[in-house]
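J.: Take a look at the letters that make up each chain.
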Amino acid sequence: MSKRFVRLGETRRPEVQLYIDGEPAVALQGDTLLVALLQHSNRLRTSEFGDAERAGFCLMGACQDCWVRTEEGARLRACSTTVAENMRIVTTQLEISWPQQQ
Amino acid sequence: MAAAAVEPRVVVVGAGPAGSRCVEALVKAGIRPLVIDESARSGGQIYRRQPDNFTRSAEQLYGSEAAKATRLHKSFDGLQGRFDYWPESLIWNLAGNRIFVVRGAQQCSVEFSSLVICSGATDRLLPVPGWNYSGCYSLGGAQIALKAQACAIGAEVVFMGTGPLLYLVAAQYAKAGARVAGVLDTSPFYRRVAALPDLLANPRALYHGLGLTASLYLKGVPVYSGVEPLAIEGDAAAGVSAVRFRDGRGREKQLHCDAVAMGYHLRPETQLADLARCQFDFDASTRQWLPRIDRDGRSTVADIYLAGDGARIRGADAAEASGELAALALLADRGQAVDSQRVARLQQQLGQLERFARGLAKAFPWPHQLAAQLADATVLCRCEVVTVGEMRSTIALTGASEANRAKAFSRVGMGRCQGRYCANAGAEVIAAATDGDICSAGRLRAQAPVKPLPLALVEVAPEDWLEVSAEGVDPVLKPAEAGL
Chain A
0 MSKRFVRLGE
10 TRRPEVQLYI
20 DGEPAVALQG
30 DTLLVALLQH
40 SNRLRTSEFG
50 DAERAGFCLM
60 GACQDCWVRT
70 EEGARLRACS
80 TTVAENMRIV
90 TTQLEISWPQ
100 QQ
Chain B
0 MAAAAVEPRV
10 VVVGAGPAGS
20 RCVEALVKAG
30 IRPLVIDESA
40 RSGGQIYRRQ
50 PDNFTRSAEQ
60 LYGSEAAKAT
70 RLHKSFDGLQ
80 GRFDYWPESL
90 IWNLAGNRIF
100 VVRGAQQCSV
110 EFSSLVICSG
120 ATDRLLPVPG
130 WNYSGCYSLG
140 GAQIALKAQA
150 CAIGAEVVFM
160 GTGPLLYLVA
170 AQYAKAGARV
180 AGVLDTSPFY
190 RRVAALPDLL
200 ANPRALYHGL
210 GLTASLYLKG
220 VPVYSGVEPL
230 AIEGDAAAGV
240 SAVRFRDGRG
250 REKQLHCDAV
260 AMGYHLRPET
270 QLADLARCQF
280 DFDASTRQWL
290 PRIDRDGRST
300 VADIYLAGDG
310 ARIRGADAAE
320 ASGELAALAL
330 LADRGQAVDS
340 QRVARLQQQL
350 GQLERFARGL
360 AKAFPWPHQL
370 AAQLADATVL
380 CRCEVVTVGE
390 MRSTIALTGA
400 SEANRAKAFS
410 RVGMGRCQGR
420 YCANAGAEVI
430 AAATDGDICS
440 AGRLRAQAPV
450 KPLPLALVEV
460 APEDWLEVSA
470 EGVDPVLKPA
480 EAGL
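Residue numbers (numbering that gives the first Met the number 0), protein chains in the order written: chain A, 0 to 101; chain B, 0 to 483.
Mixed in with the good hints there might be a few duds.
Lysine-lysine pairs mimicking BS3-like chemistry, simulated, CA-CA at most 30 Å apart [claimed, not checked]: (1) B:K67 / B:K361; (2) A:K2 / B:K27; (3) B:K361 / A:K2; (4) A:K2 / B:K174; (5) B:K27 / B:K73; (6) B:K73 / B:K252; (7) B:K361 / B:K218; (8) B:K174 / B:K73; (9) B:K27 / B:K174.
Because the hints were derived from the structure by calculation, they are not lab data.
Owing to the predicted nature of the structure, the values given are computational and were not obtained by experimental measurement.
Given these sequences and hints, build the entire structure.
T.: The following block contains the structure:
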């Protein structure tokens, strides 16, 4: 899957290893989890209302659009979480979906 | 729990320009305030800092405002140890003179003797078909990606909306080497000309604003004024692929892109003022409800002061002035002597910046008629995908003509963002569907928790956090570990 965010600088930082849906991935120290995930994918989660994939919106902790989960099930707000070594993140929909009727 | 052991404190909410200057003035007057901020580092959104291991200069980050940003950061850092500081902490409720604070997986409550709320603002959004696709971000969000993370939100970005931030962020992107596919402003150019007399109240900001626009033209970025947004094209899986709009002459156009940054100026974050039962008034020039304050920042509730963009959208310079002014008002109300010349100067400065802000509201008006005319199929609530048509049929079916009643039936305002990104347009839809009076559509009342909380919280005594913050050591859990 193509990445969404484009790095424009600050690329000489030590690497951090994380796992996204079980797959190993590399981020940079100081990345938010949102940036780390959107370097590898164009999405963070699937809307529980079935309308679209979501990739965050406000990046300042106000919209709550960027929630992902750890493999243990803890909820993280990706925009305000700093990536850490060996984080194991799940971006698949865990809750029940209730898509709107078209 | 053991909260009673801590004396009621002077508490400052927020460490942006308003909060930082407020803290400075309080500390100078011999008070040791408790500063509670959601961010890990001071600066707020406008002067947000990059992580420690980033190397860009202040000039690269803040452009013409680099000196101001640096001064503000230095002032706050230089006072460390003279105030108690709880970063990464959210006040999620307020009742009487008690605030409830969550940090990571811990929560505690503290009594305040005075409270200065400098809660800042978020982008005001106008729904457009497709704004729920991935790749759509708020303007503020696009700026944070660049400023705090050195990233562009996409390989080819369209900026759409109105207001000074539209041109600022687009210009910052272009300067940083991002590809800006276009800038689409819903405000026609003549509005800016008509607003010139008021805009001249802050010639420096006007000059910098014109410079930003010029830099976009020089880089060959297409800039359109007086546009009508039609749709963000794309699909559910891949996200945004283009923006469709009508230009100022009524011609339909399309710009290809993989990201859109949107914002129609700002709206204040007033939840805490609301929970404190501050009185609000409708402001006709911005079509928003604002907490009532006197010219020094006193709210209608004793011991509660409001400053910065969380009270009035007046910009960063005014935030600094109003933060200091609120601190001086607080000191005067406690019977401490304050420098009356300083107060007069700040009031005068604030008056001038208010005139400039009025000019900006005229130059870049909220396009409320576009909100009122949104097509039925447009998603109004992007959290829970409720359309404008569903809101209209709810109003027709139930007769709900007030925002809170309409919310109860439609869930618009009840999703993850708690109305932050749909309330302004929602009120316009309600007004248009009823008697047309935006004032009688009212405003969504704030409810605790003002942001979602983790389910498992451990109650701690405020002393636990105060002791650690007095030593200047970063205490307890990071939200990352705690699952906030």
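J.: None of the hints should be skipped; say for each whether it holds.
T.: Consistency of the hints with the structure:
1. B:K67 / B:K361: Roughly 26 Å between the alpha carbons, so the hint for B:K67 and B:K361 holds.
2. A:K2 / B:K27: 49 Å, violated
3. B:K361 / A:K2: 39 Å, violated
4. A:K2 / B:K174: This hinted pair holds, its Cα atoms lying about 22 Å apart.
5. B:K27 / B:K73: Holds. B:K27 to B:K73 sits at ~15 Å (cutoff 30 Å).
6. B:K73 / B:K252: Distance ~47 Å between B:K73 and B:K252 Cα, so the pair is violated.
7. B:K361 / B:K218: Cα-Cα ~27 Å, so holds.
8. B:K174 / B:K73: Holds, at roughly 26 Å.
9. B:K27 / B:K174: 39 Å, violated
Checked against the numbered hints given earlier, the structure breaks hints 2, 3, 6 and 9 and satisfies all the rest.
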